[in-house]
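Quick note, the sequences are listed as chains A and B, same order. Residue numbers for the first sequence follow full-length UniProt numbering, beginning at 1 and rising by one. Residue numbers for the second sequence follow full-length UniProt numbering, beginning at 1 and rising by one.
Treat the hints with care, as some may be off.
Distance condition first, Cα-Cα at most 27 Å in a straight line; then the derived DSSO-like pairs of lysine-lysine [claimed, not checked]:
(1) 135/B to 157/A
(2) 95/A to 173/A
(3) 267/A to 35/B
(4) 268/A to 135/B
(5) 166/B to 268/A
(6) 150/A to 196/A
Residues from chain A shown here face chain B by an in silico Cβ test under 8 Å; the list is partial [to be verified]:
(7) 30
(8) 31
(9) 72
(10) 152
(11) 154
(12) 155
(13) 159
(14) 163
(15) 225
(16) 255
(17) 256
(18) 257
Since the hints were made in silico from the structure, they are not lab data. Computed from a predicted model, the values in this text were never measured in an experiment. Positions of the beta carbon are idealized from the N, C-alpha and C atoms, including for glycine.
Read off the chains here:
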Amino acid sequence: MQNSEGKMTYKEYLLVLKECSPYDFCEYSDNSIDRRIQKIMRDYHLTMDELIHKTRNDEAFVELVVEAITVNTTELFRDPPVWKFIRENVLPAFKNRPKINIWHAGCSTGQEVYSMMILLHEAGIFDKAEIYASDISKKALENAKKGAYKYSFNHNKYQENLNAAFADSVVPKITDFFEISKESDQLIIKPFLKTKTKFVRHDLVKQELPFYSKFDIIFCRNVLIYFNGGLQSRIVQCFHDNLFPGGVMVLGTHETLNGFFKTKFAKKGPVYSRTNTFHFKY
Amino acid sequence: MHNPEHSYKIIVMGGSAGSFSVVSGILSKLDPNFKIPIILSLHRLKHVRSGLSEGLSLNSKIKVVEPNDKEKIEPNRVYLAPSNYHMFIEIDGSIALSTEESHNHSRPSIDYTLMSAAYVYREKALGILLTGANKDGAKGLKSIADNRGYTIVQDPVTCDIDTMPKSALQLFCPDEILSPSEIVQFLNSLQP
């Protein structure tokens, strides 16, 4: 397992990680994984040999590696036009339906989970929503559950995003949903939004899902960009299988579907809607 | 020095404060058939997130796009890093995007784009660092030089804010220090 210079490559390190932990990053895209592992070696002052040794012998360190590899930073109402579209074109249909099931796949630190809850609340359908949010990183999930975000620098941007998401409508205030704690320099989600979502630890690479229900909306924003084409396709297929017909999949603004899925989803504005096209298995 | 027989496969331009007008000027004066793909990693003002590609398209002789993840890089096209994403070049000649943490308080980070170009294209990469108020980009441009690619720094005298080019000049000696109009001349001279 050595290259011509006698050194382990990043790809080979991933095999070590796969062998001695539940995590499999082998199908992450080369570019991102190389960079993340280089960063880990720099941040912890480790050679490749030391990194491998620590990975084999220190479970707590493995969790740090997972967090470092999967970092995906986001913000409340990132890309406001997407949220505006959901508010105006997706949510109204649920006014007369008994339920709305939502899954945030790869929710990271939860900003988009709370953004969506704010939309649901303002649309008056918050109570009939069933919301799941999953991520591979324990630490990111813990942060997501807390719903506490840095106040300074962010507050104005968040309010601006919110204004843009609610343009042509009554614009709520960030402070309707978050308490401001000046001492801890944080925006903290108010209790009525905090207890609604079920946060579950889940690795998208693993196929079995931690819930039985199907979904009306699946969010997976800026997660697939870290995966290679094969893994991307498997995950999009999984979303397809777990969406109700007509259900909506929301990807990052610069993520697209490959050719095969173009018949299975119809692009509507910035989101993808599951089509009813009949597909033979063989 | 520049060897006319040396053909570049990619051009990466980075800049921040003041770079919009410089880039816009360069794109407006390029040969419309300019073949080599141009990758732009430009910092955006915090509150002006969108409209940059539209702005650049207005006068550009070459099509400007904000690429999607895994999009193939084509000739005769300008690729602008989308707002709030890092942009990389992959080994197969496609674009990769990422939302990992900011680098030098910047996303996109110019260092990241330049380093990935250096890694993939080596001596076939041409890096250009323009006016800017941040040291992001200096290390990336040096990595192009370290891989025997060609490096150009905008002459600090012609810069709105010269922090970016000066940081590069402190780090290493680029192949050329040029004014924006000389950069245009240089680029057009690469066309066969």
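Could you tell me which of the numbered hints above are not met by this structure, giving the numbers in increasing order? 3, 4, 5, 10, 11, 12, 13, 14 and 18
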